[in-house]
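Chemist: Sequence:
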Amino acid sequence: RWANHPDLESARERWKWCQEEGVDLLQLALQFCLLDDRIHGNNIGSLNVEQLEANVRAASVPLSDEVWEKYEARFGGGIN
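Residue numbers in the sequence shown follow our numbering, run continuously in steps of one, and reach 80 at the last position.
Hints were generated in silico from the structure; no laboratory data involved.
Take the hints with a grain of salt, since some may be wrong.
Label-pair distances were calculated between CB atoms; the ranges are [to be verified]:
hint, residue 1, residue 2, range
1, Pro6, Glu50, 29 to 37 Å
2, Val49, His5, 30 to 38 Å
3, Arg74, Leu34, 17 to 25 Å
In this text the structure is predicted, and so the values were computed from the model without any measurement.
Backbone N, C-alpha and C define an ideal beta-carbon position, used for all residues, glycine too.
Hey, can you work out the whole structure from these sequences and the hints?
Modeler: Next up, the structure:
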């Protein structure tokens, strides 16, 4: 089911974009959820202290407006 899921290609495109732009995918994903008014909760799982610290860093260090503008230009569907 997962190998041919319709959203798989979209996820791969976003991962590739992050690689090309030097953007941390975890940071982008968490901040997208935190900034979008349509998302009211975020279940973030951590298996260990290292993951917890990575999640806190990713959520608390803001991405620049330029990153969000490039993201929206590439993928559409802006935040809010």
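Chemist: Taking the hints in turn, state whether each one holds.
Modeler: Now for the hints, and whether the structure bears them out:
no.: 1; hint: Pro6 to Glu50: 29 to 37 Å; verdict: 33 Å, holds
no.: 2; hint: Val49 to His5: 30 to 38 Å; verdict: 32 Å, holds
no.: 3; hint: Arg74 to Leu34: 17 to 25 Å; verdict: 20 Å, holds
Every hint from the earlier list agrees with this structure, and none is contradicted.
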